[in-house]
Each structure stands twice: as structure tokens, then as C-alpha cells.
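Novice: Each chain, written out:
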Amino acid sequence: MCGAHAAVRTLVSELVDQNDRPTVVDMEAGLEHFSRGTIRNVDTALLIVEPYFKSMETGARMSTLARELEIARVLTVANKVRGAADSRALADFCSQREMHLLAEIPFDEALLEAERAGRSPLDFSAASPALRALDDLARALTSPPEAASR
Amino acid sequence: MKLAVAGKGGSGKTSVAGCLARLLARRGVSDLIAIDADSNPNLALTLGLPPERMSQLCPMPRSVLERRTDESGKTRLSLALTPAEIFEQYGIPAPGGITLLLMGSVDHAGAG
Numbered sequence: 001m002c003g004a005h006a007a008v009r010t011l012v013s014e015l016v017d018q019n020d021r022p023t024v025v026d027m028e029a030g031l032e033h034f035s036r037g038t039i040r041n042v043d044t045a046l047l048i049v050e051p052y053f054k055s056m057e058t059g060a061r062m063s064t065l066a067r068e069l070e071i072a073r074v075l076t077v078a079n080k081v082r083g084a085a086d087s088r089a090l091a092d093f094c095s096q097r098e099m100h101l102l103a104e105i106p107f108d109e110a111l112l113e114a115e116r117a118g119r120s121p122l123d124f125s126a127a128s129p130a131l132r133a134l135d136d137l138a139r140a141l142t143s144p145p146e147a148a149s150r
Numbered sequence: 001m002k003l004a005v006a007g008k009g010g011s012g013k014t015s016v017a018g019c020l021a022r023l024l025a026r027r028g029v030s031d032l033i034a035i036d037a038d039s040n041p042n043l044a045l046t047l048g049l050p051p052e053r054m055s056q057l058c059p060m061p062r063s064v065l066e067r068r069t070d071e072s073g074k075t076r077l078s079l080a081l082t083p084a085e086i087f088e089q090y091g092i093p094a095p096g097g098i099t100l101l102l103m104g105s106v107d108h109a110g111a112g
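Chains as they are written, first to last, in my numbering: chain A, 1 to 150; chain B, 1 to 112.
Just to be clear, a hint being listed does not mean it is correct.
Label pairs and their computed distance ranges (CB to CB) [said to hold, decoys possible]:
1. Arg68(B) <-> Gly37(A): 16 to 24 Å
2. Tyr52(A) <-> Lys74(B): 41 to 49 Å
3. Arg132(A) <-> Arg68(B): 28 to 36 Å
4. Gly83(A) <-> Arg53(B): 33 to 41 Å
5. Glu85(B) <-> Gly37(A): 21 to 29 Å
6. Thr82(B) <-> Ser95(A): 41 to 49 Å
7. Pro93(B) <-> Pro144(A): 26 to 34 Å
8. Pro95(B) <-> Gly83(A): 30 to 38 Å
9. Leu57(B) <-> Glu70(A): 32 to 40 Å
10. Lys74(B) <-> Arg21(A): 28 to 36 Å
11. Arg67(B) <-> Ala126(A): 25 to 33 Å
Stretches of chain A that chain B covers, calculated by requiring three or more beta carbons in the stretch to come under 8 Å of a beta carbon on chain B [to be verified]:
12. 7-16
13. 33-45
14. 55-64
15. 73-87
16. 110-123
I should point out that these hints are in silico values taken from the structure, not numbers from a laboratory.
Even for Gly, the Cβ is constructed at its ideal location relative to N, Cα and C.
Input sequences plus hints: build the corresponding full structure.
Specialist: In C-alpha cells, the structure reads:
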């Protein structure tokens, strides 16, 4: 492994472990932080999947690895969901693979427009469907653990 | 709350992480730290930092880590500063009272 990446991973895991403030980490894309344990110090892993097979399959592998690392809450969030067929596919897949599907974020042009405009979606179109779903997710995550893991 | 957002490239992971951080802050989660551990940093924009500031954002230097030797003679990397010192020196203030830390370029600072 390249020493540079080792440094980033050490920094992330030590910072998460040693600070006492609430922390959100945007992990690097892919699976390596699971196999190397960079992610092990978090209490909640949100696995973002899109409603197509390869993405869900990656999510399932992440879910297995996260549970092996004994992360307390391993939750799946589906993103860019475009309708009932997507929802059904997600529900079927997650139940077969014992993944906890906590939220579905609808596909939303407003997020793309915000990105094109170089703005945060919250400062651009705060009432968009995706943001409403994300706010429901924020509420679920700040509820007592029993409620959020149900 | 220590939350990691993970996913394939293109899954919208960074959008979820950034929006969620802002929404959590709005729901009363205060003094939140947002860490951009991705090699393609876009979290700053999603958190609401203006595009014209992007070029001035400083990632953390390699010097926040140091090599320590334990009793058995093994060396390992650990933090050279406390988290509070790191937030104070390298934290980037973002809307919602969020403090952003950029990891993306630690690897360009002569590591390895």
C-alpha cells in the first residue's frame, strides 16, 4: 500500500476515534476503507446504493464488511430512486441480503442543478423531494437508537 | 454521533453526506465535524461554501501525523496534535456551524 493513502486512512480513523464532537465522514469511494478498517471507529455506517444490481451488490458487500467490523448501526440508504419498480427491487434485494433499508431518496433534478450552480442543495432548492427525504433521514438518525434501528 | 457515509463513486454519497450534515445541524446537532476523506473532494460545495473559496481551502498537512515507536519497537502513525488543535488550526468554518476538514491532499504533502 502506498504510504500516502496509509496516512490519510490513519488520520481519518484516529480523528474519528479521538474527537468527542458529532462527526460525519464522507468516505473515499469503494471498499478499501472497510478492508483496512479505516471506518471501524464510527457508530453508524450509511451505505449509499443506487437501485441497480451492481450498486446494490456493492452495498451488500459493504454491509457484510461493516458488520464484521462490529459497527453498531449499519444502514442502507437508496439514492436516485425513480419510482415503484425501483422501490420494489430495493426492498426485495435488501430483505434477501438482510440489509436494513432505512431511507429512499428520490431522483431529483434539483440536486444536479445545485451542483451545476456550485451551490449547496440546501441553499438552492430547500423544499426539493430529495431534501425532504434527507431531512426525514436526519430525523431518524437523531431519534433514540431503538427508534432508528427499527 | 460518529457517522460514515460510504458508497460507490457516482452513488451520490457526497451529496448525502453534505446535505445530511447541514440538516443534522439544523435539527440541533451542534459543533458538527465534517470530514472529507474522498480523493475527489466535493463536500465543501455541498456544505455550502462558495465556489470562489474552493481554491483557498487548505487540506491538512502531513505534519499532523507522527511516527511513534511502541515498547515492542514497532512504529505506527498517530496524531501529533490533539483533535481540538487540529480543528482550530485546520478546520474550515462552513454554514450551520459545521467545521470541515479536508483529507484529500494529505497524500500530496510528501508522504511515503
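Novice: For every hint, state whether the structure bears it out.
Specialist: Do the hints match the structure? See the list:
1. Arg68(B) <-> Gly37(A): 16 to 24 Å: For Gly37(A) against Arg68(B), whose Cβ atoms are near 19 Å apart, the range 16 to 24 Å holds.
2. Tyr52(A) <-> Lys74(B): 41 to 49 Å: holds (44 Å)
3. Arg132(A) <-> Arg68(B): 28 to 36 Å: Roughly 47 Å apart at Cβ, these two residues miss the hinted range, so it is violated.
4. Gly83(A) <-> Arg53(B): 33 to 41 Å: holds (38 Å)
5. Glu85(B) <-> Gly37(A): 21 to 29 Å: Holds, at about 25 Å.
6. Thr82(B) <-> Ser95(A): 41 to 49 Å: holds (44 Å)
7. Pro93(B) <-> Pro144(A): 26 to 34 Å: holds (30 Å)
8. Pro95(B) <-> Gly83(A): 30 to 38 Å: holds (33 Å)
9. Leu57(B) <-> Glu70(A): 32 to 40 Å: holds (34 Å)
10. Lys74(B) <-> Arg21(A): 28 to 36 Å: Since the Cβ atoms of Lys74(B) and Arg21(A) sit about 30 Å apart, the hinted range of 28 to 36 Å holds.
11. Arg67(B) <-> Ala126(A): 25 to 33 Å: violated (46 Å)
12. 7-16: With 8 residues in contact (Cβ-Cβ under 8 Å with chain B), the coverage given for the region 7-16 of chain A holds.
13. 33-45: holds (count 9)
14. 55-64: As far as the region 55-64 of chain A goes, the hint holds, because 4 residues have Cβ atoms under 8 Å from chain B.
15. 73-87: holds (count 3)
16. 110-123: holds (count 8)
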